[in-house]
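**Q** If you read the sequences in order, they're chains A and B. My numbering puts the first residue of the first sequence at 1, with every later residue one more than the last. My numbering puts the first residue of the second sequence at 1, with every later residue one more than the last.
There may be inaccurate statements among the hints.
As the list claims (entries may be wrong) - Partner residues are not named here, just some residues of chain A that face chain B (Cβ under 8 Å, in silico):
| no. | residue |
| --- | --- |
| 1 | Y56 |
| 2 | D57 |
| 3 | G150 |
| 4 | I187 |
| 5 | E190 |
| 6 | K191 |
| 7 | S245 |
| 8 | N256 |
Hints listed in this document are in silico derivations from the structure and should not be mistaken for laboratory results. Virtual Cβ for every residue (Gly too), placed ideally from N, Cα, C.
Okay, here's what each chain looks like letter by letter:
Number of protein chains: 2
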Amino acid sequence: MDRTRRRIRISIDAMGGDYAPGEIVRGAVEAAEQDADLEPILVGPLDTLEEELAKYDISGLPIRCVHADEFIGEGENPALAIRRRPNPSIVVATKLVKAKEADGLLAATATGALVTSAVQILGMLDGIKRPVLGAVLSLIAPTTVVLDLGVNMDCKPQHLLNFAAIGTVYAHALLGVSKPKVALLNIGKEKVKGNQLLRETYPLLEKSGLNFIGNIEGNEILSGKANVIVCDGFVGNHIFKFSESVGQFINNYIMNKFKDDPEVGRLLGNRLEELMDLLALPDVVGGGILWGVDGVVARTHGNSRAPMVTKRLLQAKVAIEKDVVGCLKTELSRIGRSVNL
Amino acid sequence: MDRTRRRIRISIDAMGGDYAPGEIVRGAVEAAEQDADLEPILVGPLDTLEEELAKYDISGLPIRCVHADEFIGEGENPALAIRRRPNPSIVVATKLVKAKEADGLLAATATGALVTSAVQILGMLDGIKRPVLGAVLSLIAPTTVVLDLGVNMDCKPQHLLNFAAIGTVYAHALLGVSKPKVALLNIGKEKVKGNQLLRETYPLLEKSGLNFIGNIEGNEILSGKANVIVCDGFVGNHIFKFSESVGQFINNYIMNKFKDDPEVGRLLGNRLEELMDLLALPDVVGGGILWGVDGVVARTHGNSRAPMVTKRLLQAKVAIEKDVVGCLKTELSRIGRSVNL
Numbered sequence: 001m002d003r004t005r006r007r008i009r010i011s012i013d014a015m016g017g018d019y020a021p022g023e024i025v026r027g028a029v030e031a032a033e034q035d036a037d038l039e040p041i042l043v044g045p046l047d048t049l050e051e052e053l054a055k056y057d058i059s060g061l062p063i064r065c066v067h068a069d070e071f072i073g074e075g076e077n078p079a080l081a082i083r084r085r086p087n088p089s090i091v092v093a094t095k096l097v098k099a100k101e102a103d104g105l106l107a108a109t110a111t112g113a114l115v116t117s118a119v120q121i122l123g124m125l126d127g128i129k130r131p132v133l134g135a136v137l138s139l140i141a142p143t144t145v146v147l148d149l150g151v152n153m154d155c156k157p158q159h160l161l162n163f164a165a166i167g168t169v170y171a172h173a174l175l176g177v178s179k180p181k182v183a184l185l186n187i188g189k190e191k192v193k194g195n196q197l198l199r200e201t202y203p204l205l206e207k208s209g210l211n212f213i214g215n216i217e218g219n220e221i222l223s224g225k226a227n228v229i230v231c232d233g234f235v236g237n238h239i240f241k242f243s244e245s246v247g248q249f250i251n252n253y254i255m256n257k258f259k260d261d262p263e264v265g266r267l268l269g270n271r272l273e274e275l276m277d278l279l280a281l282p283d284v285v286g287g288g289i290l291w292g293v294d295g296v297v298a299r300t301h302g303n304s305r306a307p308m309v310t311k312r313l314l315q316a317k318v319a320i321e322k323d324v325v326g327c328l329k330t331e332l333s334r335i336g337r338s339v340n341l
Numbered sequence: 001m002d003r004t005r006r007r008i009r010i011s012i013d014a015m016g017g018d019y020a021p022g023e024i025v026r027g028a029v030e031a032a033e034q035d036a037d038l039e040p041i042l043v044g045p046l047d048t049l050e051e052e053l054a055k056y057d058i059s060g061l062p063i064r065c066v067h068a069d070e071f072i073g074e075g076e077n078p079a080l081a082i083r084r085r086p087n088p089s090i091v092v093a094t095k096l097v098k099a100k101e102a103d104g105l106l107a108a109t110a111t112g113a114l115v116t117s118a119v120q121i122l123g124m125l126d127g128i129k130r131p132v133l134g135a136v137l138s139l140i141a142p143t144t145v146v147l148d149l150g151v152n153m154d155c156k157p158q159h160l161l162n163f164a165a166i167g168t169v170y171a172h173a174l175l176g177v178s179k180p181k182v183a184l185l186n187i188g189k190e191k192v193k194g195n196q197l198l199r200e201t202y203p204l205l206e207k208s209g210l211n212f213i214g215n216i217e218g219n220e221i222l223s224g225k226a227n228v229i230v231c232d233g234f235v236g237n238h239i240f241k242f243s244e245s246v247g248q249f250i251n252n253y254i255m256n257k258f259k260d261d262p263e264v265g266r267l268l269g270n271r272l273e274e275l276m277d278l279l280a281l282p283d284v285v286g287g288g289i290l291w292g293v294d295g296v297v298a299r300t301h302g303n304s305r306a307p308m309v310t311k312r313l314l315q316a317k318v319a320i321e322k323d324v325v326g327c328l329k330t331e332l333s334r335i336g337r338s339v340n341l
């Protein structure tokens with residue numbers, strides 16, 4: 001009895017993603033094998049799920065299936081599909097979280113469908129209008145999260161304040177930083193620097209009670225000086241994509257330079273790959289959580305195969321155990337009182 | 001006679017920069033030695049200039065001196081200094097351009113003083129309010145210029161249109177691209193993507209008559225797909241600084257990894273330095289020109305030593321020979337008619 005209660009239940013859209021249901025189901029089985037406290041709840045047509053599960057020996061594993069007879073197919077407009085159909089698998093999986101029959105959700109489903117479903121069914125936390133994406137950009141700075149990375153474009157100071165709160169919870173709960181240092185990404189150190197948005201946000205962050213250390217510049221993003229780097233989704237998206245691409249360009253360049261020199265190539269070998277990983281490992285920690293939604297919702301790329309699904313499930317479990325949503329509610333409410341918006 | 005007329009005359013604030021006047025004068029002498037068609041005009045206290053010039057054999061070199069008995073010292077507020085004093089060296093040097101006694105200006109002077117002086121004395125081109133900085137970010141993409149890199153923060157569509165025109169002249173005249181491809185830095189390909197500024201700018205660029213190829217994302221900045229990447233100075237500044245820093249971080253990382261392995265270090269040797277240069281060589285081409293000013297005004301870092309001063313002088317000469325300011329006026333006026341703003 002106790003054993004069951006301690007398990008973390010994560011509902012999974014078994015029909016979402018390029019390799020669904022096969023790789024999703026396999027990833028869930030492997031996660032359950034690796035962590036006895038994880039209870040995957042697969043959502044999809046029961047016969048399909050049972051057919052997939054029959055490929056593994058799951059005796060004793062706490063894997064459950066919940067039926068959904070529809071799912072959102074390749075090439076459908078995800079938001080429309082959700083509005084038109086009563087119960088596609090992503091909706092059923094999300095409703096399990098709403099009904100507290102699951103502690104969180106993982107999906108490789110198209111982002112539009114996932115976000116629509118999460119926002120409509122679970123709702124947003126007070127003061128947050130749209131989900132926020134954050135990530136550790138690079139293992140060069142493994143305890144620095146940057147957000148928002150691409151959802152919120154035309155931001156107001158209140159939004160950046162929310163990002164700072166989310167980043168603080170993220171860095172504390174998932175990166176193990178005791179008192180995360182929060183910085184604004186700006187073009188200079190001085191309070192009066194930057195565009196209007198930043199000049200208005202700076203004094204709010206000063207009053208927020210967060211561990212605000214001031215402005216940080218683009219050349220300090222990977223310096224480790226700040227644990228939470230706040231920017232709007234427009235700037236964040238550029239930094240994120242540019243960062244990812246630099247690794248690839250350097251890789252190409254080095255490979256090109258050294259292709260006539262097999263000895264150097266051999267010596268560099270794995271260390272080069274390590275370097276590339278260092279530069280481009282977004283979502284390393286945090287598992288692609290949609291922050292701001294009233295529930296733990298984790299996404300994984302549509303092209304995820306079983307090992308990635310397993311990894312994301314275990315990451316989502318940590319987020320649930322750390323109660324990141326509860327922590328964020330507390331933080332937002334405390335900031336609301338401090339700043340008196 | 002003919003010989004003299006063909007010479008390009010560049011006035012130089014000999015008193016601006018961390019190593020002025022010594023390194024500035026030396027750089028000017030070396031540039032004159034390297035290029036017989038360059039005529040440096042050194043501006044500063046005559047006795048100081050003559051003392052410095054006495055260190056070199058300048059017989060036959062077309063170096064001239066123009067007196068200015070004041071200059072802006074270390075730690076002064078440059079904009080204030082310019083307003084309070086009648087004729088500091090930067091002002092005298094800029095006035096030579098205005099009076100057509102020089103074809104362009106080079107200065108290592110503090111940016112604030114240089115910009116104030118250039119804007120007040122030379123004025124801005126029609127429709128451009130503040131100078132624009134552009135640069136080739138990296139030799140990975142040697143025919144791609146990104147601008148604005150940090151002057152213009154809260155931009156309007158008209159500003160981005162100006163940046164596109166400036167970038168077109170830059171890529172054509174200084175990077176040798178025959179029909180520069182212009183792109184907007186955005187978070188997705190579609191016309192409706194991005195923030196309000198970009199959504200309003202896109203149709204203007206379509207009508208501009210420039211070779212507009214649409215939106216480009218952060219991971220394509222170094223891909224070479226576009227020759228001119230347009231963004232506001234806020235985003236540009238972050239990309240620029242982040243790009244510079246990545247080279248340094250990778251350098252540190254590789255050095256750290258390989259410090260116990262001298263053999264690998266030896267094999268990589270110069271090629272690593274080459275890689276670092278590839279990543280962080282801003283202003284490689286274009287010589288730090290202040291675009292939008294009605295005259296060729298080039299800046300070089302305050303910490304420039306003689307070889308950099310020489311390089312910048314030769315680059316500024318190319319910009320003058322290509323008549324970048326005249327080309328830009330033509331381009332802006334043509335766009336004005338196309339877009340009918």
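**Q** Hint by hint, which ones does this structure get wrong, listed from lowest number up?
**A** 1, 2, 5, 6 and 8
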